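A.B. asks: Using the hints provided, position chain B relative to the given structure of chain L.
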Amino acid sequence: MSFLLQRVMLNPQQCLDLDNIQLNQLLSQARSSKLLASLAFELENAGVRSHLDQSVDRHLQSAVLIHEKQKRDLAYDSEKIKLALDSIGEKLVLLKGAAYLLAELPMGKGRLITDIDIIVPQHRIDDSENALNKSGWKSGNVNAYDNRYYRKWGHEIPPLTNERRDTTLDVHHNILPPTVGPKVDAGLLFQNLIEIKSGVFTLSWQDMVIHSATHLFHEGEFHHGLRDLWDLDRMLRDFPRRIPRFWEELVSRAGELELQSSLFHGLNYAQQVFGTPIPDGIIDKIGNRSMSLRKPIMDFLFLRAFRPEDPRCKLPYTSFALYLLYVRSHYLRMPLYLLIPHLARKAWIRQLSTGKNSSEARGNDAI
Amino acid sequence: MQLLSYLSTEELRERLARGELSMRVGPYVYKIQSNLPFIAEGIATLYADFKLAEPAEFVDYNIAMRQSGILQRLRGEARFLFDERSPFDTIPSGQAYAFLEWGMNWCVSLHSNEYLKLHAAAVASGDAAIIMPGVPGAGKSTLCAALGLSGWRILSDEHAMIPLKTTEIVPLCRPVSLKNESIDVIKSFSSNAIFGPVSEETHKGVVMHMKADLQPDSHDTKTLSVRAMVFPRYARGEPQQLSPRRRTDSFILAAYHSFNYSLLCENGFEAMKTLVQNVDCYDLVYYDLDLAVHTVNELPGLKIS
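Residue numbers (my numbering), protein chains in the order written: chain L, -15 to 351; chain B, 227 to 531.
So here's chain L without its partners, still in its complex pose (with noise of 0.2 angstroms):
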C-alpha cells in the first residue's frame, strides 16, 4: 500500500538506493504533490542531498528556490496588510500556510503557498474589505451569482487580488462556511492566538491543528490532499514539544469548536500515512461509535485521495473514490435544498461554456 514519496519522505536515506526510474518517479510524485521543496528540505536535513547527482539535485534546488521567493513575497505582502488592518484597529491572524511559513513552523519548510489566507471577526469584514481595497486588494472578476454566494453562504468574501503584485488574498471570518453541519463559533478562534512577530499572529497550535484537518475533510478535491496531511503529520510531531499538555487541550478544544468527526479523520490519516506518534487512547477519545462504524467506508475513499497522481500508484477504484469525495464535500457543505439549485446551475453554466471557459467553471467550485 505504500508509495515511493511517503516511503522517502519518512525516511530520506532510502532516497540512496533508488535507481534513475525511480528518482524520475519520487520527483514526479513529489512535484505534483506540491511537495518537491519539503521533499528537498527532508533530504537535506539528512544530509542526503549533497550525495544526489547535480541533473537530480537542480529539480530540488529550483522547488526550494520557488519557495524562498513565495516566503520573501510573503513577509512583503504581510506588512502591507497589516498596515491596511492597523487602519481600522484591527489585527493580522494569518492562516495555513501564510501562518506555517512566517512563523518557521515545521511544516513552513518548503511549503509552497498559492495565496494568502486571514481570518477577521465577522462583524469587521466589510471594514477590512474596504481597508483592503485602499491598500490594492481589489476583487477580481467573479460573476453576480459568486459574489452573492460568497457573501451568503461563504466563509470568506470573493479573493482579492493586489493590482500591482497580482498575489491574492482570502479573508476568512469563519473557518467553516456557515451552511455546513457543526456551526463553528468564530469568536472562540480569536481567543487564544498566538503573536509570531510584532502585530502578526497565528491561530493557537491546538487551532491550527483542528483548521487544518477541518480544512482537508471538507475538501472536495485532493490535489494537495497529500500536502495536507504532511502539513498536519509535521505539527503534530512538532506542537507536542512545545506545550505540556498538547493533546488533553487539542481533545478538549475539538469538543469545544464542534469539529471532532474532523479531527478524528485527520489523526488517524496522519497516523496511517505518515506514521504520526499520537498516545494511545486519543483517538478513541475524540472519535465517537458512528464515526468508528463508517471508518471502513472512509479509510476506502481516503486512503486513495490521498496518494500522489501517478498512475504507477494508484490504488483500484481511486475514481470513483474521488467522484464520492467530492459529492460528500458538497453534502457537508450544504443543505440539500440550496445544494441542489447551486449544482444544477453549475452544470449548466459549464454546459454553456465551451472549451476555453470550462476551467473557470470549474475553478468556481471552490467555493
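In short, the hints are calculated from the structure, not lab data. Given the structure is predicted, the values throughout are model-derived calculations rather than measurements. Virtual Cβ for every residue (Gly too), placed ideally from N, Cα, C. Do not rely on the hints blindly, as some may be mistaken.
Said to hold, decoys possible - Derived lysine-lysine pairs resembling DSS-like cross-links, with alpha carbons at most 25 angstroms apart:
id, chain 1, residue 1, chain 2, residue 2
1, L, K53, B, K391
2, B, K257, L, K298
3, L, K64, L, K75
What the hints assert, rightly or not - Going by beta-carbon spacing under 8 angstroms, a handful of chain L positions derived as facing chain B:
id, residue
4, L0
5, D3
6, N4
7, I5
8, S12
9, R15
10, S39
11, Q45
12, L49
13, V164
14, K167
15, E293
Unchecked claim - Using C-beta positions, here's what the derived DEER-type ranges look like:
id, chain 1, residue 1, chain 2, residue 2, range
16, L, N114, B, V361, 30 to 40 angstroms
17, B, E280, L, K298, 19 to 29 angstroms
18, L, E63, B, N493, 15 to 25 angstroms
19, B, S488, L, D111, 54 to 64 angstroms
20, L, Q106, B, S488, 32 to 42 angstroms
C.D. replies: What follows is chain B alone, placed relative to chain L:
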C-alpha cells in the same frame, strides 16, 4: 547513442503510445506520451536528429499530449499533461502539436531555475553566441529562423539560459515557433525550411514549427560565449537600423524579459550585471529579413565565416 530517426514510423508511434519515448533536448531529458497520430508525425519530422535517451536515464520532464475518454474523442479535444497532471485546459486536438511544443517550453520556463533564463532567441557561429530578447511579436523567432537558414546555429527561439555569473549560454535547441504571416515570410526566405504540422486558430493564430537543428553541431551541449545582445523589433515604415544601446537600459529590459530574474534574487541581479557588463547591446529595427540577417552577420567582432 541513437537518433530518433533510427525508429521506424511504427516504432515511434508505439513508443509514444506507451509513453516510452525519451529524448535529449539540450541539458534535459523529456519523456513524451501521446496517442495522437499527428503528434507522432510532427515529432518524426522535427526531432529526427535528436538523440534518444537510454531507458535507464533520469528523466527531467514527464509530459503527455493525450486524448482520453469517449467525450474527448467525440469533442475532438486533447490535454497536455505534466507529471500526469494537466496545468492547462483541454484544447481542440487540431492544435495539439503547437500546444505540445508550448508545453515543452513551459516545463523549462516554470521548473528550471539553475540558470538565469531570458525570454530570448539565441544563435551562434562557432563559439560566439548572440542573444535576442523580445516581447512576443517583436519578431525574434522569425529572425532566429532566418539566421538559422543562413548558416547560424540556432540555440533556442525561446530560452537563453545563462549559467550564473558567467557570460556563457547553454544551448537548448528545439523547433522554432512561427506564427501567421511569418510562416510565409520564412517559406519565401528559404526553400530549405522544414515544417511540422500546422495548428490553426490557436490563441496566437496559425502556428507552425520549423526544424531548427540544421547544423552538424546543433546538439552539442557545450556552453558558448555570449558576445552580443540584440533587441530586435519588427516595424514596417520605420528606418531599418542597428544602434548601440546603453547598458543600463539593456539591463532593465533584459530583466523584464527574464523568466526568473526576481526569483533568483541577488544571484539574479549579479548574473544580469555580469552579462550586461560584458556584452555589447544593440537595438535592431527591421522589416526586411535579408537586411536584418546581413546586419547581424556584420556585427562588430562577430563575423560569420
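A.B. asks: For every hint, state whether the structure bears it out.
C.D. replies: Now the hints, each set against the structure:
1. K53/L to K391/B: Judged against 25 angstroms, a Cα distance of about 20 angstroms means the pair holds.
2. K257/B to K298/L: 20 angstroms, holds
3. K64/L to K75/L: This hinted pair holds, its Cα atoms lying about 12 angstroms apart.
4. L0: 15 angstroms, violated
5. D3: Constraint on D3/L satisfied, holds at 7 angstroms.
6. N4: With a closest approach of 4 angstroms, the N4/L hint holds.
7. I5: OK, holds: I5/L within 8 angstroms of chain B, min 7 angstroms.
8. S12: 5 angstroms, holds
9. R15: 5 angstroms, holds
10. S39: Constraint on S39/L satisfied, holds at 6 angstroms.
11. Q45: 7 angstroms, holds
12. L49: 5 angstroms, holds
13. V164: With a minimum Cβ separation of about 29 angstroms from chain B (threshold 8 angstroms), the hint on V164/L is violated.
14. K167: 36 angstroms, violated
15. E293: Hint on E293/L: holds, closest Cβ of chain B at ~5 angstroms, below 8 angstroms.
16. N114/L to V361/B: 30 to 40 angstroms: 37 angstroms, holds
17. E280/B to K298/L: 19 to 29 angstroms: 27 angstroms, holds
18. E63/L to N493/B: 15 to 25 angstroms: Holds - the Cβ-Cβ distance for E63/L and N493/B, about 24 angstroms, lies within 15 to 25 angstroms.
19. S488/B to D111/L: 54 to 64 angstroms: At roughly 33 angstroms between Cβ atoms, D111/L and S488/B fall outside 54 to 64 angstroms, so the hint is violated.
20. Q106/L to S488/B: 32 to 42 angstroms: Since Q106/L and S488/B have Cβ atoms about 37 angstroms apart, the given range 32 to 42 angstroms holds.
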